[in-house]
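Enquirer: Can you make the complete structure from the sequences, with help from the hints?
Number of protein chains: 2
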Amino acid sequence: MDGSASSPTGQSPWMPFESRRRARDEKREAVLRTAVALFLDQGYHGTTLNHVAERLNITKPALYNYFRSKDEILYECWAIGAERVDERIDEIAAAGGTGLQKLRKLIIGYAEMMTTDYGKSLVRFDVRDLTEHNRKIVRLAKKNIDRAFRDYIGQGIRDGSIRPCDVKLSAFAIAGALNWIGHWYMPNGALEAEAIAGEFAIRLTEGLAVKSTRKKAGKPPVGKCKSRGVSR
Amino acid sequence: MDGSASSPTGQSPWMPFESRRRARDEKREAVLRTAVALFLDQGYHGTTLNHVAERLNITKPALYNYFRSKDEILYECWAIGAERVDERIDEIAAAGGTGLQKLRKLIIGYAEMMTTDYGKSLVRFDVRDLTEHNRKIVRLAKKNIDRAFRDYIGQGIRDGSIRPCDVKLSAFAIAGALNWIGHWYMPNGALEAEAIAGEFAIRLTEGLAVKSTRKKAGKPPVGKCKSRGVSR
DNA sequence: TTCGTATATTACCCATCGGTAATAAAAAGT
DNA sequence: ACTTTTTATTACCGATGGGTAATATACGAA
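So the protein sequences, as listed, match chains A and B.
Convert by adding 1115 to the 1-based position in the first sequence; the result is the number in this note's numbering.
Convert by adding 1115 to the 1-based position in the second sequence; the result is the number in this note's numbering.
Note that these hints are calculated values from the structure, not bench results.
Here the structure is a predicted model, which is why all the values come from computation and not from measurement.
Don't take every hint at face value.
Chain copies aren't distinguished; within one or between two, either way the pair holds.
When the alpha-carbon atoms are kept at most 35 angstroms apart in a straight line, the in silico DSBU-like pairs for lysine-lysine are as follows [what the hints assert, rightly or not]: (1) Lys1142 <-> Lys1175; (2) Lys1257 <-> Lys1283; (3) Lys1142 <-> Lys1251; (4) Lys1142 <-> Lys1258; (5) Lys1251 <-> Lys1175; (6) Lys1283 <-> Lys1220; (7) Lys1185 <-> Lys1258; (8) Lys1220 <-> Lys1258; (9) Lys1175 <-> Lys1257.
Expert: This is the structure in C-alpha cells:
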C-alpha cells in the first residue's frame, strides 16, 4: 500500500535492511511467487530453500514462519493454479451454451492458464514430491478438470454441436495439447498468450465440430483470431 | 539365448547367487531397462542407485562397471528412445507420400513410442538432471523431432493435402497431445497402444486435412482403425 | 519502560545418497 | 597351475540440503 518500494514486477516485500512491515499474507504470497518461479526455472529438486530465501532477502529458517515444509510450498503453488482453473470452469458452466461453445471457452481459459507460472505448476510439478495426503487432493482436482473436458465433449455430441467421437481419447488429446503449452511457452516470446489460446480453440475443435464456424466460402478456412503473424 | 532364466519380461541377468555369466552388453541393457522403469515409476530423484542395483540382485558399486554416473544412466535411457524415434522418422521420410500421409505416419509411430518406457523417458525426464553436454544433445534431438512435424505440415500445405494453418502452433498442438500420452498411458489399461495411435492420427488431422479420408456418406465419420472399442 | 508476540538470525543436526577405495572372487588367457 | 583381467563386494567418504534449537530484534499494547 505504501510506496516505499515501487519496483515493477513481483518484488520482495523484505527490503534489504529497512521497513519490512507488510501483512503476513502478502509475505506468504511473495514466498509462493518466488518459489514457483524458481521451481519452474531450476526444477523442484534443483531449487533449495536457501535459493528461495536468498531471493527474498531473508534466510531459510524465516520461511518456516509461513510454511511447514518444502513440499507444502510446492503444494500451495499447485493449489493456487488449481483454484484458478476451477473458477474458470465454474464460470463456463454457469454461462451455458452448447457443448462446443463451452469446450472452446474451456480451451481458451485453460490455454491462458498454461502461460502463467501457477498454471504451469499444474502440469510440470511432480505429484510424487507431495505428501500422500496432498497427492490425493491433487489427483482428485486433476480428475475434475479432465471431467470438465469430457462433460463438454459428451454434451456437445448430445446437443449436436460436436461430431460423435471417442470422448475419452478426444479429451486426452485436447488436454495434452494444452498441457504441453506449459512446457514450451515463454513470456515475451514470439507468441502472445491470447493468440495461442484462440488458435488452439479453433485448431483443436475443427476436427470435432459438426460444422466449421468459418463460412465455407471462397478460400480455405483459417483461424479468425486477432494478431496471428506466424508461419507464412 | 540359453534358457537358464526364462522369466517373461525384462529380468535381471544376475541370478541371486549363481551363474552370472552374461555378455557385458546384455547387462548394460538390463541396467537401463530396470533404471528407466524405476525412474518412470518413482521419479529420477525418488530412485536411488541402490534401488536399481537391488532389483538387479547386485550392489550399487557394481553399476559403476557399466556407467560412470547416475545421470549417464538417465541420458542413455533417453538416447535409446530418441534413437528409435529417429529411425521411424527416417523410414517415413524414405517412404514418400503427401505431407498429410507422412504426418499421419509420424503421429502413429510417435504415439506408439509414447506407450513404451523408453518413449516416455523422452518427455518425462527432466533435461536439467543431465550434464550440460548431454543436455545440448537432447535439446538438439528434440528440435529435430519438432522439425519433422513442422516439415510434414508445411509440405502438406504446399502439396494441398493439409489446409493452410499456423505451422508452428499446429505442430506444437499435435506434439503436445502425443507427448501427453507418455504421462497417462498405462500398459494393460483399457486402451491398446495401436488403438490410441490410430485414433489420434484421425482425430488430430481431421481438423487439418482439406478433405476427410472418411467417405461423407450416411453415418457420421468415425475412426477407421482396427479394434476401437472405447466410449459408446 | 516493560511485557508479549511475531518474526528474523546464527549455528547446528543429521539422514540421504552419489560416488570411491580397497579388496575379494571369478573368468579368461597362457 | 599361474597370472591377468574383469567384475563383484564391503566399508567408507563427503557434500548437500531439509529441518530444528536457541536466541536476538522489532512491533504493538499497556
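Enquirer: Identify every previously stated hint that the structure contradicts and give their numbers, smallest first.
Expert: none
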